[in-house]
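J.: Letter by letter, the chains look like this.
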Amino acid sequence: MGFNGQFFLKIIEWTDNMIVKEWCMYCGECAGVCPRNLIEVREISLNFNEKNCKECEICIQVCPVKALEKRDD
Amino acid sequence: MIETDILVIGAGPAGSTAAKHAAIEGASVILMDKKSEIGSPKRCAEGVSKEGLTKLGIEPSTRWVTREASGVRMVSPNGTAVNLTEDKVKLPEAGYILERKVFDKHMAMDAGRAGAKIMVKTLATGMRREDEQVVVTAESMGQELEIKAKIVIAADGPESRVGRWAGLRTSLKPKDMESCAQFEMAGVQMEEPDCIEFHFGSMSPGGYAWIFPKGDDIANVGLGVLTTITDKTAYQHLLEFVKSNPATKNAQPVELNIGGDPVGGLLKKKVTDNVLVTGDAAGMVNPLTGGGIISGMMGGRLAGQVAAEAVVNGDYSKKSLKIYEDLCEEELGESFKKYLKAKDYLLSLSDEELDKIAEAFRDSDFETINTAEMVKKLVKISPKALLKLGKLF
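Going down the list, the protein sequences come from chains C and F. Heads up, the first sequence is in numbering that gives the first Met the number 0, so the first residue is 0 and it goes up one at a time. Heads up, the second sequence is in numbering that gives the first Met the number 0, so the first residue is 0 and it goes up one at a time.
Watch out, some of these pointers could steer you wrong.
[Claimed, not checked] Part of the chain F face toward chain C, derived, beta carbon under 8 Å:
hint, residue
1, Lys33
2, Pro157
3, Pro173
4, Met176
5, Ser178
6, Cys179
7, Thr232
8, Ala233
9, Tyr234
10, Gly259
11, Lys321
12, Gly332
Because the hints were derived from the structure by calculation, they are not lab data. These numbers were taken from a predicted model, which means no experiment stands behind them. Backbone N, C-alpha and C fix where the C-beta goes; we use that ideal spot for every residue, glycine too.
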């Protein structure tokens, strides 16, 4: 795998760090505290713009039902 | 491209009220909401003051009032209760307990009847400026839309993104955002079913727990916590509260609600060119009680009126919209500052202090006691009240 392949893999890692558990209720509290406005709350999904995430993890901290998790690897 | 004078994003009570008043003033208005059902799921305890509805010119309807509450019962950690009734003390959020799912829809219907065009299941995905106007991109049932508006009113709740797209700092620090969880329950056995109940103490760190009666044995049972001072989630705290409270331990849930409540006070900068922020998105929530229905609607009305006037004048600049900030400050800001102080004091109290205060006041006749006497009594038990609340009275 050449340089491009590694780079590609890296991007996949970066954009797949946040895990939204199935019991998420899309209340949007995480979006309200995200200092970089990176979370889009839809009616029944959450979208993270992880490219610009600085991993402050405030979103994980405030969730009323612990439905957010960061993949640790 | 769809064109309109005013685009309101978010059809909660604040957004619908903004849309209604902008339409009444003659502007063309679009009101959009990302949800398929306006008002659902609810995210709050559903209490409003009668006075607030009157101020807004809204006639209570049996369709959305579940019951009247004539008083407030405040309970300390050891169960000591202090009862206040509305004829004795003016109480925010005491009056009616709503059915928000119905209420929110009716407020949106009023906006529609006033002339606003309503779009449900429509999510704003971005915003850009064009020819001194704003173009909002949106998605609705798989379709990409562009809506060009002279003014956008951001009423998109505590998770507000719209204001931030416009450069306003609507994001909240965790210490200013209560993390809330609530069950609607049946089989609740309240001691005073005519009172809304507040429970204070370490079972709800940084906030309080509530029981709001909705008629018969039904009640909203919930709490708010600050996640900066507890390791448990709001939901975990709620489970413990429900289990330990005599009124709820035999009750059964039929609905779970969660959400954030912005309790840090009014957002300072609420306008910029072409954009006004209102409701929860602008921190229009009583910082002490967390109640934001009436205050959000008050703010929404101002936003709608100011925006409509700006359309008439053909000036959508920040300067022209600035009056909105002054009006909000006048209408809400002053009282919020007092409530913030009261909250700081309340949250500084230990369980023992809360019990002592409740004990001292449980038999007070609030009809005859005046404010000065009350403060004197409070300071005797809790000297720091003088420092924390001094300027309030």
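J.: Kindly indicate which numbered hints from before are broken by the structure, ordering the numbers from low to high.
T.: 11, 12
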